[in-house]
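These are the residues of each chain, in order.
There are 2 protein chains.
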Amino acid sequence: MTKQDTKQETKQALLDMGLKLIFRHGYNHTGLNEILEAANIPKGSFYYYFSSKEDFGLQALDRFIERNRARIAANLEDQTVDPLTRIHRYFDWYASYLESLEYSQGCLLGNLGQELADQNDAFRLKVDEGMTLVADTLANCLRAAQEAGQINSALDADELSAFIYNSWQGAMLRMKVTKSMTPIWTFKTMLFDVILKP
Amino acid sequence: MTKQDTKQETKQALLDMGLKLIFRHGYNHTGLNEILEAANIPKGSFYYYFSSKEDFGLQALDRFIERNRARIAANLEDQTVDPLTRIHRYFDWYASYLESLEYSQGCLLGNLGQELADQNDAFRLKVDEGMTLVADTLANCLRAAQEAGQINSALDADELSAFIYNSWQGAMLRMKVTKSMTPIWTFKTMLFDVILKP
Numbered sequence: 015m016t017k018q019d020t021k022q023e024t025k026q027a028l029l030d031m032g033l034k035l036i037f038r039h040g041y042n043h044t045g046l047n048e049i050l051e052a053a054n055i056p057k058g059s060f061y062y063y064f065s066s067k068e069d070f071g072l073q074a075l076d077r078f079i080e081r082n083r084a085r086i087a088a089n090l091e092d093q094t095v096d097p098l099t100r101i102h103r104y105f106d107w108y109a110s111y112l113e114s115l116e117y118s119q120g121c122l123l124g125n126l127g128q129e130l131a132d133q134n135d136a137f138r139l140k141v142d143e144g145m146t147l148v149a150d151t152l153a154n155c156l157r158a159a160q161e162a163g164q165i166n167s168a169l170d171a172d173e174l175s176a177f178i179y180n181s182w183q184g185a186m187l188r189m190k191v192t193k194s195m196t197p198i199w200t201f202k203t204m205l206f207d208v209i210l211k212p
Numbered sequence: 015m016t017k018q019d020t021k022q023e024t025k026q027a028l029l030d031m032g033l034k035l036i037f038r039h040g041y042n043h044t045g046l047n048e049i050l051e052a053a054n055i056p057k058g059s060f061y062y063y064f065s066s067k068e069d070f071g072l073q074a075l076d077r078f079i080e081r082n083r084a085r086i087a088a089n090l091e092d093q094t095v096d097p098l099t100r101i102h103r104y105f106d107w108y109a110s111y112l113e114s115l116e117y118s119q120g121c122l123l124g125n126l127g128q129e130l131a132d133q134n135d136a137f138r139l140k141v142d143e144g145m146t147l148v149a150d151t152l153a154n155c156l157r158a159a160q161e162a163g164q165i166n167s168a169l170d171a172d173e174l175s176a177f178i179y180n181s182w183q184g185a186m187l188r189m190k191v192t193k194s195m196t197p198i199w200t201f202k203t204m205l206f207d208v209i210l211k212p
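Line by line, the protein sequences give chains A and B.
Just so we're aligned, residue 15 is where the first sequence starts under the numbering used here, counting upward by one.
Just so we're aligned, residue 15 is where the second sequence starts under the numbering used here, counting upward by one.
Residues from chain B shown here face chain A by an in silico Cβ test under 8 Å; the list is partial:
| hint | residue |
| --- | --- |
| 1 | H43 |
| 2 | Q119 |
| 3 | L169 |
Listed below are the simulated EDC-like cross-link pairs for lysine to aspartate or glutamate, each with C-alpha atoms no more than 16 Å apart in a straight line:
| hint | chain 1 | residue 1 | chain 2 | residue 2 |
| --- | --- | --- | --- | --- |
| 4 | B | K57 | B | E68 |
| 5 | B | K67 | B | D135 |
| 6 | A | K202 | B | D170 |
| 7 | B | K25 | B | E51 |
| 8 | B | K193 | A | D135 |
| 9 | A | K202 | B | E173 |
| 10 | A | K193 | B | E143 |
| 11 | B | K202 | A | E173 |
| 12 | B | K67 | B | D30 |
| 13 | B | K202 | B | E113 |
| 14 | B | K211 | B | E161 |
| 15 | B | K193 | B | E113 |
| 16 | A | K67 | A | E48 |
| 17 | A | K193 | B | D142 |
| 18 | A | K202 | A | D106 |
| 19 | B | K25 | B | D76 |
| 20 | A | K193 | A | E116 |
| 21 | B | K211 | A | D207 |
| 22 | A | K211 | B | D207 |
| 23 | A | K202 | A | E113 |
| 24 | A | K25 | A | D69 |
| 25 | B | K193 | A | D142 |
| 26 | A | K34 | A | E48 |
| 27 | B | K34 | B | E51 |
| 28 | B | K202 | A | D170 |
| 29 | A | K34 | A | D76 |
| 30 | B | K211 | B | D170 |
| 31 | B | K67 | B | E51 |
| 32 | B | K193 | A | E143 |
| 33 | B | K57 | B | D69 |
| 34 | B | K25 | B | D69 |
| 35 | A | K211 | A | D170 |
| 36 | A | K67 | A | E51 |
| 37 | A | K211 | A | E161 |
| 38 | A | K193 | B | D135 |
| 39 | B | K67 | B | E48 |
No wet-lab data here; the hints were simulated from the structure.
Values in this document were obtained by computation on a predicted structure and should not be read as measured data.
Here a beta-carbon is modelled for each residue, glycine too, at the ideal position from N, C-alpha and C.
Turn these sequences into a full structure, and let the hints steer you where they fit.
So, in structure tokens, the structure goes:
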């Protein structure tokens, strides 16, 4: 392994640790010292990789969006199954994930959007980029399901997707507040039994 | 004015100032000193009224829920107009309010729910109480609209209300992230033109 590889690994380890802490406690509530202690890295090394806590947070968010892209593609772009099944699988996968976290954390994009949208434009724009990526992928899948006659085709796929994505964020927020999966099940019932019904 | 009245006024002024700051910066990001400076009150006086920052925050949230109850009732329980018009008026009023804040802040319940649901059970339960109050009032109005044949009556009013309320929270989150009213308009179109359609 070259020295460059080791440096890259240290940086990724720092970002992953930061993501975990930010997911749990929020951005403002996660101190730089906490990240350094958890990753067992001295402050000087941190500033070798990142110019500031903000720079670090934005790069961590980039890493999350990249990982998220892969997870979305695995479900919504899986061409081996029909489009409606893909949408079902995406929300089923997500619901299992949320249940495994015992109704906590939710979605990092939603959390950081809520926390930072009014405070920091760089974070706000990156959160928007991450959200738009999911909504666009979902819109393509909805369009394919409409073309296949599987769902209501009277609705504009982009508008529908935006509504579904935003409503899902709201359902996750309520899940956290009620500490129960009920808002998630209600969302799925309304989505598949009412809104998408052909 | 009695001494008791003045004390009550000082306490309310502190709570109102705290609400404003918490709305703008979040709970964790609002320092006790900031509240004291903004309200021009010495630390000793603060501890005369409140046992801790948490006690203060919970009482401020109580005050918000009480004010919110009045605003909801003014729209959703206005018996001089039909139920569907009440629902329209509620979301129209809310949209104008959000527009006046230039797509910032959103709903205090959503913000504190997102920020504190995983950190503090006392806040989580109070946020849930405030959210349930709105959702229950909306459910009653939806039931009345169903009985009057104004909206789709195949759906359970409580489940429908929960879905609408949560989706609205998601729409406000996206509004903050995009700094535009589009998510709010999309929500209203989907609600009135698709979901509630008889």
